[in-house]
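Participant: Based on the hints, put chain B in the right spot on chain A.
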Amino acid sequence: MAETLKFFLKKFFTVCLDILPIIVVIAFFQLLVLRAPFPNLQEALFGVFLVVLGLFIFIQGLETALFPIGEKMANQFALKGNAFWVIAFGFALGFSTTIAEPALTIIAQKAGNLAADAGAIKKEAESIDNYVLGLRLSVAFSVGLAIALGVLRIIKGWSLVGLIISGYCLVVFLTYFAPETIIGIAYDSGGITTSTITVPLVAALGIGLATSIRGRSPVLDGFGLIALASLNPVLFVMMYGIAIHGIK
Amino acid sequence: MQLLLDSLLGTIKDILPILFVIGFFQTVALKQKIPNFPRIAFGMMLVIIGLSIFLVGLEKGVFPIGIEMANQLSGSSFTGVSADASDAADVVVDAAKYLWVYVFAFMIGFSTTLAEPALIAVALKAREISTGAISPWGLRIAVALGVAIGISLGTYRIVVGTPLYVYIITGYIFLVIQTFLSPKMFVPLAYDCGGVTTSTVTVPLVAALGIGLATNVPGRSPLIDGFGLIAFASLFPMITVLGYAKIAEIISKRSVNK
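Chains A and B, in that order, give the protein sequences.
If you read the first sequence in this note's numbering, its first letter stands for residue 1, the second for the next number, and so on.
If you read the second sequence in this note's numbering, its first letter stands for residue 249, the second for the next number, and so on.
Bound conformation, chain A alone:
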């Protein structure tokens, strides 16, 4: 009993560590720089409490269910050596974990509301919802595609640098055509997508693959999936923007 309690306390502390730096920095600014009380302190604190509680339960769930089975499947596919299935699995893994990613959910919603406020889309619940869903689907699809491409790269032994640099060139090219209202969201979407759920599973797939294929080094080939998964959404969200707002 005491062991379990200790275990849970330790886990809880890890979650608090996520929030603690934010609280310390904000408290520092409130007390020493702004010298003003924080407005709506109670509601904000309650929100933070929900964040800590939710994150704690969420991570417990990830660790009991999703991570063990995800990592096991990633390793099995890596060992199986059937290129088609590994690539298909990579795509499905990238897509499904991105749709569930909480940071993306919340920021896509904000982007939808802001786009409606600014008049870029119609200010109706339905058109906002469609825009938000479209954003999330383009990001999820692009992450799936990126993981599939990354897996293919590990199997074929292509150079990561070449892929990334051509991706950058495409970003520059598309930026020229993309409407101004989508560029910020597009550039941000790369960093938003790769978060709590996606990173551990994708990293397991990459390192598992690179370890099991002869002639691949985990250092050189195992990393790099996340990099592709951060780059691809930028391209696809800009294309989404061009598709719904038209070319600038």
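Since the hints were derived computationally from the structure, they do not count as laboratory data.
You may find that some hints are simply not true.
To be verified - Cut-off 30 Å, straight-line C-alpha distance, at most; resulting in silico cross-link-like pairs (BS3-like, lysine-lysine):
(1) A:Lys156 x B:Lys373
(2) B:Lys281 x A:Lys122
(3) B:Lys279 x A:Lys80
(4) A:Lys11 x B:Lys373
(5) B:Lys308 x A:Lys156
(6) A:Lys11 x A:Lys72
(7) B:Lys494 x A:Lys156
(8) A:Lys80 x A:Lys11
Facilitator: Okay, now just chain B, sitting in the frame of chain A:
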């Protein structure tokens, strides 16, 4: 309560694809039963409940805090910039008046990244597979500095209103040049550091900071100028990690030569 229920329903929909992927690939591709089913089902239930509560908390707590900090640090009573200046895009803004915003952005970026569990895990793994050449603390500090500089510069960009792509594309060019000069072993790791650094709590906070700031600074639009901080936070760690790799290489060469 209604909010929590809505969030719960949304979350179940969001988790369905993952369940489908696991079920499909286990039974069709790997032709195996799902191992330890009750445990997995219990874990999935925890994922759904936790995620729902977490999302409500982000919406009610973290996002408003980010907006509020932006409001306070860039509001007219603190900066002395008159708030009723017209919304025209050519308003000249005195960027120095927003100094505390940059400091705040730097501190938030540095502290949250240093404590980021995903980064700690990557740093340990990096040491393991590089057989000690990459020091976990060195890597973490390099990444945290990158995020801090990135977000801080990003808030400066929102204040002065330069288009986002100017910074990002310049950063890309710099990064490409660095890539060719860096020890090869570090490159994929450095590229990945851009993605792993920004956690689920930090991302909404930083996004809210950007949107709040763009709403307050005269002449900026939240939709066009408010986004972009996350992009900065993803780009700069790659640059600092490659820089760290280069410095580490030079130092180790020197000590070998002696």
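Participant: Could you work out which earlier hints the structure fails to respect and list their numbers in ascending sequence?
Facilitator: Going through the list in order, the structure violates hints 2, 5 and 8 and respects the others.
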